[in-house]
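Student: These protein sequence lines map, in sequence, to chains A and B.
Going letter by letter, the first sequence gives residues 1 to 168 in my numbering.
Going letter by letter, the second sequence gives residues 1001 to 1991 in my numbering.
Hints are computed from structural coordinates only; laboratory data are not their basis.
All of these numbers come straight from a predicted model, not from anything done at the bench.
Mixed in with the good hints there might be a few duds.
What the hints assert, rightly or not - Residues of chain A placed beyond 12 Å of chain B at every Cβ, according to the derived structure: (1) Val58; (2) Leu75; (3) Ala77; (4) Gln80; (5) Gly81; (6) Ala82; (7) Gly88; (8) Asp93; (9) His106; (10) Thr131; (11) Thr132; (12) Glu144.
Unchecked claim - Below are the SDA-like pairs computed for lysine to any residue, each with C-alpha atoms no more than 25 Å apart in a straight line: (13) A:Lys60 with B:Pro1290; (14) B:Lys1419 with B:Thr1462; (15) A:Lys60 with B:Ala1916; (16) A:Lys96 with B:Ala1916; (17) A:Lys96 with B:Thr1299; (18) A:Lys60 with B:Asn1911; (19) A:Lys96 with B:Arg1909; (20) B:Lys1277 with B:Leu1326; (21) A:Lys117 with B:Asn1785; (22) A:Lys96 with B:Val1431; (23) B:Lys1277 with B:Val1431; (24) A:Lys117 with A:Val58; (25) B:Lys1991 with B:Gly1481; (26) A:Lys60 with B:Gly1496; (27) B:Lys1743 with B:Ala1789; (28) A:Lys117 with B:Thr1820; (29) A:Lys117 with A:Gln94; (30) B:Lys1991 with B:Gly1642; (31) B:Lys1277 with B:Thr1299; (32) A:Lys96 with B:Ser1495; (33) B:Lys1419 with B:Gly1447; (34) A:Lys96 with B:Gly1481.
What the hints assert, rightly or not - Going by beta-carbon spacing under 8 Å, a handful of chain A positions derived as facing chain B: (35) Ala44; (36) Pro137; (37) Val147.
Cβ atoms here follow ideal geometry from the backbone N, Cα and C, with glycine treated the same way.
If you want the building blocks of each chain, they are given just below.
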Amino acid sequence: MGHLSRSGNFKKRIGPAWLACGWLLLAGSLSVGQDGATHERFAAAYDAAHELTLDGTVEKMLPGTPGSPAGVHVLLAGDQGAIDAHLGPYLSDQTKAALVAGAPVHAVGSMFTVHGKAYFLVRRLTIGGRTTVLRSPHGLLVPERPVDLQRSRRTGGNGPASAKGSGQ
Amino acid sequence: MNVTLARRSVQLAMALVLPAILSACGGSSSGGGGTTPLGGEVITAARQSTPQNVQVGQSFNLLLATVTNNGNPAGNVAVTFTAPSSGASGTFVGGSTTYVTSTNQGGVAMATTFVANDIAGGPYNVTATASGISTPAIFVLTNNAGPAVSITATSGSGQQALVGAAFTNTLQATVLDSFSNPVSGATVTFTAPNVGASASFGASGNTATVTTGTNGIAVSPAVTAGTAVGSYTVTAAVSGVTSPANFTLTNNVGPGGAVTATSGSPQYAVTGAAFAKTLQASLNDQFGNPISGAQITFTANPVNGASGTFAGGSTTNSATTDVNGLATSTVFSANGTSGCYTISATSSGAASATFSMNNVQPALSATAGTTQTATVNQAFATDLQATVTGTAGACLPTPVPLPGVTVTFTAPSSGASGKFSDTSSATTTAVTNALGQANATAFTANGTAGSYSVSLAGAGLTNATAFSLTNASAATALAAGNYVFSVSGTDNTGSGVVYPYSMAGAFSIGSGASAGTITGGELDFTNYFYADHDQINGAASSISANADGNFVFTLVTCNGADCSGTDPNIGVGGILTLDASFFPQNSQKAFLTEFDASASGSGTLDFQTVTSFSTGGYAFGLHGLDTFGDPLAMGGVVSWNGQELLNASGSIFDANDDMTPFSLQTFSNGSVSGLDGFGRLEFTLDAADSTDFPEIILAGYTVDGNQIRLVETADSYLGELGGSALWQAGNTGNFDSTFVSGKSYVVGLNGSDATGTEQAVGLFTLGSSGNVTGFISYNDLSLHNGPSAITAGTYTIDGPGTGLDGGTGRVTLTGVSDGTATFNLQFYIDGNGNLTAAGMDTNDLLGGTGFQQGTGTFSSSSFNGAYAMSATGVDVNHLGEFDDVGPVTATGTGLTFSGSYDLNWLVNRANGFTTAEIPNESLSGTFVTGASGVFTGTIDGMDVTTCFIFQGHEAGCTTDAFDYYLIDTTGDSIMIETDGNQLTLGYFFQK
């Protein structure tokens, strides 16, 4: 797992609390009040310490609305309801193509409220048999990447493209 | 009134007392009914009782008559006082004109008080008679007129006279008292106006003083009209009367004095052509007053055949003078014979005028802008000017300018050419002015390089090669030498994903035979997946220009050092296109955007003045991705002793790695090496925390000795970092609070938070007590605000030798907040007005650069003139990065600006990432001044979502709200969009 391997290198950043709270099964609690906090302060933080896991399906793509987090939104339906999931602006063509109604999804992220509406900020997304990272461990949007990208890149192995070394 | 009553009271008292006195002296005070006088009796008026005069309505002194008999007082004699029954007179007590009484023992008869009636006049007699006495006593009395209460013009008003001539009659004014009695002896002053139409009273000028006669009339001296025409009022005033008498007089224009040529002489016209001006003459009297309604006749007087005709073909033309005395001829045209002659203008009774006319042979020449060179798509520096002159043989051998001639300027219709600003075409016309000059509007070269001629035509002449112009390729305008470029943005990998990238490099512009061409260069590039260092194939690279004046550099990479191929990771197939907008007041600096389909990014281009490396401290800032592809901002100070990093002191750094702050970090080692001819060198930095920060190697390109552009190259860190370093020179290690206390810094910040991209601009004023004030504007699309006053925040800076960062120029800002957003920032200053910045928050991640704000008064005129603009941002729908650069001109008095720009937009659409490179788009904006140089306003035309659908331009672009933070009073500034339409952070720079 990317995060597990990453935590070994970044002990200062990934603490036990994250490990303890991660991978909770989202069950019937996809509501505005789930995160238990309002985030009307500017640049409210992603709550990495209280990540949730959602297993469901894509119900439909949602249009962006003013004031909502910018980027791709999909309505993810689970056993207990549906939630506006924010995937960000950097989805790969392959992931966008997989976001079709009825597609099964496994998502890890955190709840976030702005302007009174709750969003599920997806950090890690599994769809179409691929698991990719959409956010950094602390919730910053990043260009979509495979979960094992860093290890591959360090070893010059199986990343999407190899580093050129000296470039010469 | 009180005086009169008092006087009457005294008289009444005397009337009561005096008989008693007289009785005591042997007189009698008894009334009428006295004894009959005896023979030898006489009656006389007391000397004090006659003569007398008083104002009308006033009391005379008591009338006393004495009756004697043979010289002895005759008492108890009846005496009758009788006043005239009409005209000037008076009445005794009771209102009667008669009064009867008796003499007292002293023989004295005393009448009651006698009061003058309201008729001025006299003298008149009041008699005192006694029976038997044939001769009455007579009191000679006079009623004087009262004070003047009015003055009226009774004669002389309404007269007219020619200017300078005497009026027929004098002026007369009558002065009356309150009973309409004429007041004699009153001083009356006649006054005519001091200026304009007026009159005089002989030697006394415009005033005269006279005295009224017994009839109350004042007669002025003889009155003479002045030289100015018009009606006016002469006043007559008397003391004590508020309203003067007014006399209306009129000075009429005199007989014709002279005709004067007022316009159209001398004149010059090409033979056979009409003269530019019609002839105009004026007719005035001897004093210069215009005469209207008179006829003036213009008559041509040929000389050796040279002449002309008025409209209709006649050599004469008559016109009537207007109210200003002006008469204007019809158009006069020269005949076909060159030469000099006159046209006379005559009017009956007046001296004539002469117009000097000249039928000339023309000459047409180019007199300004004749030989010029401009860069393609740029305006020529000097507007094209033609001059039309004429001569007329021996009588006019020296060329004179010919105004009013239409001149046509014509540039080639194809190939190398240009267009005039008024017609937006290759042809324009202009009419010669009084100097014979025809000035074409600004002429702008088209995009084709080459030399060509602009022809002239006018006055029946043509000059096919009047102007020799050259459209030079863009590159020839660039000085020879190295240019350092630095760009960061978003790279379209082409594999369905995008990634941040940073790039820096340098290329050379040749001299001599290679002037204007790229002769070589090198660059470093990283987009997290790659870390490439390539040479630039100068021979294959080129320079051009866009219509808005931006330069376009097409740089063909080598694959490393192998220039037989290109580096496919760079640009489009190894060809990198950079679009530059140079600063209007500093031709060595420009804003850049990558302008090709591979990426969209912004940056700078600088003429490289040195390629050397100076030891000392460098404040640096880096922004990008860490080892794992997560966002990172880093800043610090590295101090170099030769090629070795001073790791024990003077070198520190801070990092915000995925919103995890790493504060006050140190280095274990470092070195600098490999300086080459393009100013490229490599910095190797080994952090003490080698776990979180494995060895970082940065390629640097020196700019001017003070700045180095940085980009991460192949190293162990394997991140994606770009930034810059600022040389601290002699300030190295010596920074303390005096460097920042009381200073204000304008800082632009770019980064991200949990919802996506975040931008901020602030004016941070560092107070002497360690507080932070100022303004902040911020936007992440979900929330936006600004300019918002900073209400909380503190800062610290260690002095030399204090703490790990002592004297390094590291400034820590903590809890800077406007109540909604809170920022923790690190500044790293160079002591020369520049800084790098890194955010140290746990809810966002920001990095940027800043400038110490200059002193002076910020006003609307602060933002005025030409600027280079740069903007970078993210649209709200497609969420792709866009980058703009272009020229903008601000009008401080109008609080507006406008300009054009070249746009690159990396669009994230449903079917994948697409780029759009759109040159020469237009924008306009407004601004309103604000405190401390923080202005607000709007921009139209830069919203990529509403203004563009790829290559098409939509009407009704969104008007976006912007804040402008001025760095100095010349308007260099950082702007930020403060609405939810899109994210935009940009710059306006003149220098």
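Student: Could you check if alanine 44 (chain A) really has its C-beta closer than 8 Å to a C-beta on chain B?
Tutor: 6 Å, holds
Student: With a cut-off of 25 Å on the C-alpha distance, tell me whether lysine 117 (chain A) and glutamine 94 (chain A) pass.
Tutor: 29 Å, violated
Student: Starting from lysine 117 (chain A), check that the Cα of valine 58 (chain A) is at most 25 Å away, please.
Tutor: 20 Å, holds
Student: Are the Cα positions of lysine 117 (chain A) and threonine 1820 (chain B) separated by 25 Å at most?
Tutor: The hint holds at about 19 Å.
Student: Is the claim that threonine 132 (chain A) lies outside the interface with chain B correct, judged by CB distances over 12 Å?
Tutor: Threonine 132 (chain A) not clear of chain B: closest Cβ-Cβ about 9 Å, inside 12 Å.
Student: When you check the alpha-carbon spacing of lysine 96 (chain A) and serine 1495 (chain B), does it fall within 25 Å?
Tutor: 13 Å, holds
Student: Would the pair lysine 60 (chain A) and glycine 1496 (chain B) pass a check requiring their Cα atoms to be no farther apart than 25 Å?
Tutor: 22 Å, holds
Student: Glycine 88 (chain A): least C-beta distance to chain B exceeds 12 Å?
Tutor: 7 Å, violated
Student: Does the closest beta carbon of chain B sit nearer than 8 Å to the beta carbon of valine 147 (chain A)?
Tutor: Check failed: Cβ of valine 147 (chain A) comes no nearer than 11 Å to chain B, outside 8 Å.
Student: Is the Cα-Cα distance between lysine 96 (chain A) and glycine 1481 (chain B) 25 Å or less?
Tutor: 47 Å, violated
Student: Holds or violated: lysine 1277 (chain B) and valine 1431 (chain B), Cα atoms, limit 25 Å.
Tutor: With Cα atoms ~14 Å apart, lysine 1277 (chain B) and valine 1431 (chain B) stay inside 25 Å; holds.
Student: Compare the distance between the alpha carbons of lysine 96 (chain A) and alanine 1916 (chain B) with 25 Å, and conclude whether the hinted pair is satisfied.
Tutor: Holds, because 21 Å separates the two Cα atoms, which is no more than 25 Å.
In this structure, the earlier hints numbered 7, 8, 11, 12, 13, 15, 17, 22, 29, 30, 34 and 37 are contradicted, and the remaining ones agree with it.
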